[in-house]
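A.B. asks: Sequence:
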Amino acid sequence: MDLGLAGHAIVVTGATSGIGRAAALALAGEGARLLLVARGEEGLARTEAELPGGPHATLSADAADPASGAAIVAACREAHGRLDALVIAAGTSRDAPPHELTPEDWDLQWRINVLGPHALLLAAADELAAAPGGGRAVLVSSSSGKRPSASNMAYSVGKSAQLSLSRAWAQELAPRGVRVNAVTPGPIDSEMWLQPGGLAEQVAERRGTTKDEALAGARGRVPLGRFGTPEEIADVLVLLASPRAGFAVGGAWSADGGAVATIV
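So for the sequence shown, full-length UniProt numbering puts the first residue at 1; every next one is plus one.
Think of the hints as simulated: they come from the structure by calculation, not from any bench.
Please note: incorrect hints may appear among the correct ones.
Quick list of simulated restraints, FRET-style, between CB atoms [stated by the list, open to error]:
id, residue 1, residue 2, range
1, 1, 132, 16 to 22 Å
2, 50, 208, 35 to 41 Å
3, 53, 78, 16 to 22 Å
4, 2, 217, 38 to 44 Å
All values derive from a computational prediction rather than experimental measurement.
Idealized CB from N, CA, C, for every residue including glycine.
Whole structure, please, built from the sequences with the hints as guidance.
C.D. replies: Given below as C-alpha cells:
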C-alpha cells in the first residue's frame with residue numbers, strides 16, 4: 001500500500017534510539033524527507049547515515065525544553081521548505097517507588113511528555129494546517145498512560161497527561177484539517193528496557209531478582225508473551241503520520257500486545 005509520504009517533510013524527535021529511530025528509518029523508506037531531532041550530535045549523524053532517500057537534516061535540541069519548539073519548526077522549514085507531520089517520540093523512564101521520586105523526576109516527565117510536545121505543536125500548528133491535504137502529528141505515549149503503575153508513578157502520570165494533551169490538540173486542530181493521534185506502546189525491546197541501567201536492571205535491583213527474571217516477569221504480563229519491537233510500533237506511527245489515516249483523529253492507539261484490557 002502506498003502511504004503517500006514521498007516528498008513529505010516530517011520531524012522526528014527522539015530520533016536516535018528505540019521507537020524514534022525505527023520510525024525515522026520506516027518514514028525514510030516511504031520516501032519522506034526528515035528532520036531528526038535529539039540531543040546527541042553523534043547519534044544524529046549515525047542515524048542520518050542509516051536513512052535511505054533524502055535529503056534529510058538533523059537538529060541537536062532538547063525536545064523536553066519548550067524553547068526548542070519554534071527552533072525545530074524553523075529548522076524543518078529551512079531544510080525542506082515545508083512541514084507535513086510530527087512524530088513526537090522523545091521519552092525516558094525510571095522505575096522507583098513514590099517515596100524515592102524526586103521533584104526533578106516529576107519535572108522531567110512533565111517537560112518531556114507535556115511542556116515540550118505542547119510547545120512543538122503550538123509552534124507547528126500553522127505549518128501543519130498549511131500542509132497539502134492536512135498535516136499530521138503522532139505522539140508516542142505509553143500503555144502506562146492508560147494503566148498507571150505505582151512503581152513508575154511519575155512516568156505513568158506524565159504519559160496520562162500526554163494522552164490528554166494529544167486529545168486536546170486533536171480537538172483544537174481538526175477543524176483546520178490537522179489530524180493528531182497518540183500511540184500507546186507496551187514494553188518494547190529497546191534501550192529504555194535493555195540498556196545497562198535501564199528499566200530491566202532497575203526492576204531487578206529493586207525487587208532483588210536478576211535482569212533476566214525481571215524481563216521474564218514483564219513479558220509474562222503481555223498476553224502475546226513477548227515484548228514488542230521498535231519496528232512494530234514504527235509501523236503504526238508511519239500509518240498515522242501518513243495521508244492514508246485520513247479519518248483518524250484524537251485516538252490513543254494501543255500497540256501493547258494486549259497488555260491493557262481496554263476498549264478505548
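A.B. asks: Could you run down the list of hints and mark each one as holding or not?
C.D. replies: Verification of the hints:
no., hint, verdict
1, 1 / 132: 16 to 22 Å, "holds (20 Å)"
2, 50 / 208: 35 to 41 Å, "holds (39 Å)"
3, 53 / 78: 16 to 22 Å, "holds (19 Å)"
4, 2 / 217: 38 to 44 Å, "holds (42 Å)"
Violated hints are absent here; each numbered hint is respected by the structure.
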